[in-house]
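Q: Below, each chain spelled out in residue letters.
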Amino acid sequence: MTDLPPETPVEPAGRSLLDRISVVWVIPAAALAIALGVAWHSYAERGPLLELTFENASGIKAGETELHYRDVTVGLVERVGFTDSLGEVLVSVRLDKAVAPYVDDSADFWVVQPEVSARGVTGLSTVLSGVFIQGIWNDRPDGFVERHQGKSAAPLNREGRPGLRLRLRAATDAGLTEEAPILYRGIEVGRIGKAEVSQDGSTVEADAIVFAPHDRLISTSTRFWDSSGFSFSLGPGGARVDFSSVAALLSGGVTFQSVVSGGREVQPETRFEVYPDESTARASVFAADEGTALTLTAYFEENVEGLSVDAPVTLGGLRIGRVASLNGIVDAARFGDDRVRLSATLAIQPSRLGIEQNATPEDALDYLAGRVREGLRARLVTASILTGGLKVELVETAETSPAEIDRDADPNPVIPTTASDISDVSATAEGLYNRINDLPIEDLMQSAIDALNSVSTLAGSDEIRAVPGEVKALVGEARGIVGSDEMQALPGRIDGAVAAIETLTRQLAEADAASRLTEALDAAAGAAQSIDAAAAGLPDLVARLNAVADQAATLPLNELADRISALLDSTDRLIDTDQARDLPTDLSAALRELAAMLAELREGGIVGNANATLASARSAADDISTAARDLPDLLDRAKRILGQASATIEGYDASRGMGREIDAALREIQRAAQAVTTLSRALERNPNSILFGR
Amino acid sequence: MDVSGEVKSARDMGLVACTRCTRVWPAGTRSCARCGQRLHPRAPLSLQRVWAWWSLGLIAYVPANIYPMLETRTLVSTQDNTIVGGAVEIARHGSWGIAAVILTASVLIPIGKFLAVAGLALSVAHGSRVSRARRQQLYEVVEYIGRWSMIDVFVVAILSALVQLGAVVSISPGPASLFFAVSVIATMLSAQSFDSRLLWDGPDPSPASRSRLA
Chain A
1 MTDLPPETPV EPAGRSLLDR ISVVWVIPAA ALAIALGVAW HSYAERGPLL ELTFENASGI
61 KAGETELHYR DVTVGLVERV GFTDSLGEVL VSVRLDKAVA PYVDDSADFW VVQPEVSARG
121 VTGLSTVLSG VFIQGIWNDR PDGFVERHQG KSAAPLNREG RPGLRLRLRA ATDAGLTEEA
181 PILYRGIEVG RIGKAEVSQD GSTVEADAIV FAPHDRLIST STRFWDSSGF SFSLGPGGAR
241 VDFSSVAALL SGGVTFQSVV SGGREVQPET RFEVYPDEST ARASVFAADE GTALTLTAYF
301 EENVEGLSVD APVTLGGLRI GRVASLNGIV DAARFGDDRV RLSATLAIQP SRLGIEQNAT
361 PEDALDYLAG RVREGLRARL VTASILTGGL KVELVETAET SPAEIDRDAD PNPVIPTTAS
421 DISDVSATAE GLYNRINDLP IEDLMQSAID ALNSVSTLAG SDEIRAVPGE VKALVGEARG
481 IVGSDEMQAL PGRIDGAVAA IETLTRQLAE ADAASRLTEA LDAAAGAAQS IDAAAAGLPD
541 LVARLNAVAD QAATLPLNEL ADRISALLDS TDRLIDTDQA RDLPTDLSAA LRELAAMLAE
601 LREGGIVGNA NATLASARSA ADDISTAARD LPDLLDRAKR ILGQASATIE GYDASRGMGR
661 EIDAALREIQ RAAQAVTTLS RALERNPNSI LFGR
Chain B
1001 MDVSGEVKSA RDMGLVACTR CTRVWPAGTR SCARCGQRLH PRAPLSLQRV WAWWSLGLIA
1061 YVPANIYPML ETRTLVSTQD NTIVGGAVEI ARHGSWGIAA VILTASVLIP IGKFLAVAGL
1121 ALSVAHGSRV SRARRQQLYE VVEYIGRWSM IDVFVVAILS ALVQLGAVVS ISPGPASLFF
1181 AVSVIATMLS AQSFDSRLLW DGPDPSPASR SRLA
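For the record, the sequence lines run as chains A and B.
So in the numbering used here, the last spot in the first sequence is 694, and the numbers never skip.
So in the numbering used here, the last spot in the second sequence is 1214, and the numbers never skip.
Chain B on its own, in the form it takes in the complex (with noise of 0.2 Å):
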């Protein structure tokens, strides 16, 4: 068989592989008969799916900086802190290391899985001049750093679990956390619904294939 040129995906075969035990099976067929799985050669509906939870992420993503993160109680004052506001305090207070950490968990991670799952959903309708390879790697990256987006959200938990002193010093999470979770929650479903084999189907946009066909 020659894979040199063309990639031939399972569906130019007359294929379609279970995604949960993997058995190849000839295109057409509904489900799995080891499994039961019901077979699709694409996820169905696999990029409105992923649209329908990116705005749910962003719509969540709008309160989330909007609100206080922390209620800071102490004796003498409530110390409301939305996520940014929160950096830049503590960055105003010399702490730079910290803040960038803050900054770039809570604002440049989500934003950049923001922009990343919308610029490989419209690749995949639109078609790009990323070649497939680079946004493969691009899905996995994103993939894989959605877990860590809820470290704000931890950090949030932790603190309001330890730093009860009653009327002293209390935190308590604000309700920007809240949306904070759901938008995190939001993109790594998005994430997860993007069915990465769409981004092989159609043509490789890259220079070498592109030299090729001319």
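Chain A on its own, in the form it takes in the complex (with noise of 0.2 Å):
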């Protein structure tokens, strides 16, 4: 044991720290880094807590219920109170911290619950998984809020598509349904919100949503109406059933279109009507809602009946307003006395006026004012004769009082009025009954009675009672005339004839006849004048005749008697004449050729000859109507000549001692008559002559 080494003491050496300390413990020190790590990052990454408070918070559990934005989880409920004084349930939600910064002002938050309605089931999935909170807000981080109100239904744009919102009023009967389509040509393009009766009761507004790109037909000439429920019709199509969409059938909703060009874009929140149906609502647009009206006011001094509210206000027959409201008014300080005026609002469209487009009131008041300068006026006038309804026209007037639009007046402005222009029914009834009244009705009468006692007269004589016998006899004679192969020739030639009046006629009218006529009498009246003039002096040849006379009175009148009693037994002898008895009957015989000459015309087949022939006769005498037409003229002139003759005639008569004269007056009328029985001679050998003019 000697040999070997001696034994040094092994010093351990400085044991390292691997050796000091175990390995293991780098196990727990992970450990309690990574739990460190993932509480800090857990603690780092923890959002904000958001408060929402709601009115009842059915089915929200602490730890369970999930804040969902666009149906992601979002948001995990921490803890479900109340506000201070119990009012409503405070939930507080921590939120993940990346959408915080989103959730600001405009953020909405509402309850989803499983819903059954006409449109479907929404929220089913609640049914299994509990309801949920669902969170809506805009694009935009403007800071987080962390207290906000939460809503009790989803809000209209739950989405978070743009859109443009609208106000929608309706009377109570239309379909304003919440949650209600909003359909355009059949398609849908947005929705209704809750509806709420107005603060006056008598509409119902909502909120409503188109949504994008529909939004852009929205403008001022949209036009809303109620879409649901159907409509039935009969007409030569058959039956016809119309109805938008079985929702809308069931729960409402309204369509709209743009019933005229030319609208203006609107702006979010403007507020539309809903009209019943869609003929109401295409009617509409030329009823009001034509911008902001123009209201006047005119106080009219008649208190009539008949104008009522919505009478039409018309502008050189335009209607350009209606009458807003109607009051009686008493206002001594205004008018002078305690009469009742009738003051008359009217709103008047400046749109209507045709000054430019987008006139204002003020447009239109500046307007009218340089008008009623102008003379300008309202008055009453009769809209319906039949109804006796009035209406206000502004009509120019020449009248002379200068007048201004009161632009002060409390409350509107007034506008002056002038007399009215009522047609009153009655009143002119009654004038049309006086003017009949005034007729001479008894004279007319009169004079009938003494013509047809000059009739009946005429008919009782014996030669009257004689004349059909003759008739026969001429027709009979006519008969044999219009047998002739002469009268067979007889229309050609009336043609002819005819053809040859209207020449002539119308060269008569040409060469203005009549006014050569009238010249004619003009002179004949200035040398009836003349004679007039010269008879003035006649007094002093009066005065020299009477003393002729007196000497003609020493004359032999016995033989002037005689000569005259002579004359009057020759008149009588002319009349009692075989010629002038026969008259009647050559007369008859002349009927009977006509008729005659009628019946072969019959015969003859040449109506259409006849025709032509009666159109001539029709121009012609259409020829002699305008040359005629001057008649009574001449015939006032001829009668004023006449009594000037007359008077004439009677001085001349006053004188006396025109024995001579009238004895070659008489002689004159023998040679007359004669050549009048000369020419019924002439007519009964030839009755041709008259019309052939030969």
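Incorrect hints may appear among the rest.
Some, not all, of what chain A presents toward chain B, calculated at C-beta under 8 Å [stated by the list, open to error]:
| id | residue |
| --- | --- |
| 1 | 21 |
| 2 | 22 |
| 3 | 24 |
| 4 | 27 |
| 5 | 32 |
| 6 | 35 |
| 7 | 110 |
| 8 | 128 |
What the hints contain is simulated information worked out from the structure, not anything from laboratory work.
Beta carbons are placed, not taken as given, at the ideal position from N, Cα and C, and that holds for glycine.
Given two chains presented individually in distinct reference frames, assemble the corresponding complex, making use of the accompanying hints.
A: And the structure:
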């Protein structure tokens, strides 16, 4: 053992850290580090606490209920409590940090619950999973807002789609149902929100949204109407049932269209009326709502019945507004007496005045003020004679008293008025009656009676009684004449004759025969006046004539009387001649001829010719009529001339001693009578001569 | 050899035993010539390893009790239960026995293990009034019972495997089950790391020996 090296004490070298500390410590250290890391991370990543207040929190549970945004979970309810006064439920939601900046003032929150409605089942998933809170906010991070008021129902724009928000107003029976669709040509383009009764209780109002891109269809000329329900119509095409959609049928809905062009873009929250049906909606375009109306007041002196609210206000025949309201007014300070006046408030549409587009009421007032200075006045006129309804007409008058629109009057500017033009039916009828009453009917009747008496006397005469028999004979004779070949050729000749007459008449008309006649009569009148003037110097002459008459008185008057007697005898003989007696007979013969001729005409089948003839005759008659238009005047003048002549003759008559002239006149009459006799004879021999002019 | 009074350990005798093949070598021998095992008179850094595993077990035990152990999804509801919460729930429904079993297996035993291992380790470092034999007994109990602590994890695993009826009912392990398993494993390793020979080093603080010393 001695050869062994001496055992040196082995001092253990400085033990390394690894030897002094177990490696196992790494594991708990790592676990601790991980735990701390996770804890720090989760704390650092923890989003802010969102406080939502709800009226009730049915189904919301702490630690379970989630907050969804676009159906993605972005938060979890941590606590459900109450607000200070237990007034509302306070739900604290731990929000994801990433979305927190977006939850700004624009955010809306509501509780999604299962719902079964006519439009389908919504929120079905919540039946099993429990309710969740849905949030919607815009895409701009405007800073986190901690406290929000939750909504009791889903907001209108729950999808966050861009759109145009509107306000719809309807009468109570229109279909403003919550969640009802807004349809455009059958496509759902929007939605109606919760409806509420307006403050005055007369209408129902609801928010609505029309989603982009259809919101550009909305303009100021857009009209909404109720599309719910269905319409049934019977027409030539058969029976017809219309309804927009089943959902709209059940739950209501509105549709819209721009019924006229030229609407302007609308601002959000614009108010629109919902009409009960399409025709009303279309009609409404012309009714009202064309911008703000100008209200004027007119005080009418007359207090007449017939003007009513909504009566038209017209300017130059165009309707420019309506009567908005009517009152009686007593204002001694303004009018100076205690009479009741009619105060009408007129609503005038500036756009109807035809001044520029987009005219404001002020523009319209300026325009009307200018017109009033030129004489424009308001007055009441009859709108309908049958109903007696009145309207207000703005009319240009030649009124002398200048007037202005009183712009400062309260409550509206006052437009001056003028006397009304009310055509009263009863007054008109009375005037007509008075005129009829003034007609000389009794005189007319007397004249008629006298005329009838004369006719009766004439008809009672033997000659006239003999006429039928003679007519018969005449007809027989005429038949013979008509049978002749000459008569067969007659119609053609008549045609020619009528043509000749027409030509003649035309020439006459052209030659202005009537005016020439008038001139001639004027000349005659002048002559008569000259005679009258000459007659003025007659008294002297008369005196001389008187002297002559005195001398004449000594002349053998008996001889004169005898001569006159002889004249009367000859006249009597003239009348008593066979020729005069035969005149009826001749007439009968002529009638017979005429009848025969007519028969012949009918038989000859020359109706066409006759028609042509008659047409020619008619034009000839027209020409004659034209020429004869001046006849009354002529007659007047002739009458005057005759009057003058009569006066002159009377003057001459007064001078007496005109026996010689009378005698000469009687001889002339005798000659004339003989000429008539000759004419009648000629007629008897050749009746055609009157027709053919030879 | 007088063994009646003093218990002499191998170290006292200048020997070291191989823990693998049980061959006894003189003290100072580096490795077992028979099986090649490194020889230590006492496991090196035994207490450090105990404490390391123990703290890992304790760290894992916290989330194991906070997070849900079981996630039960039925058609209408999802229920997440922590260990204690589930036991209380079961107890509320009247199943006191099951609740007691769960509480025992999942709460009492792990906590007891933590306390026991910590007590043993502290007794080695600072001495104890409990007799060495009693402490050895305690250590053996802890070692034995440790493996049964996994019963909770097994229950969760079996339930998850069995109750998978699609959408109607399904049970899945919650995050706590993983933490619980880690905790159990850590405590088992902690107990294993404890070199029970340390218990017998140093004086026996039993009343008998103390009286004799006095």
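Q: Mind listing which of the numbered hints don't hold for this structure, in increasing order?
A: 7
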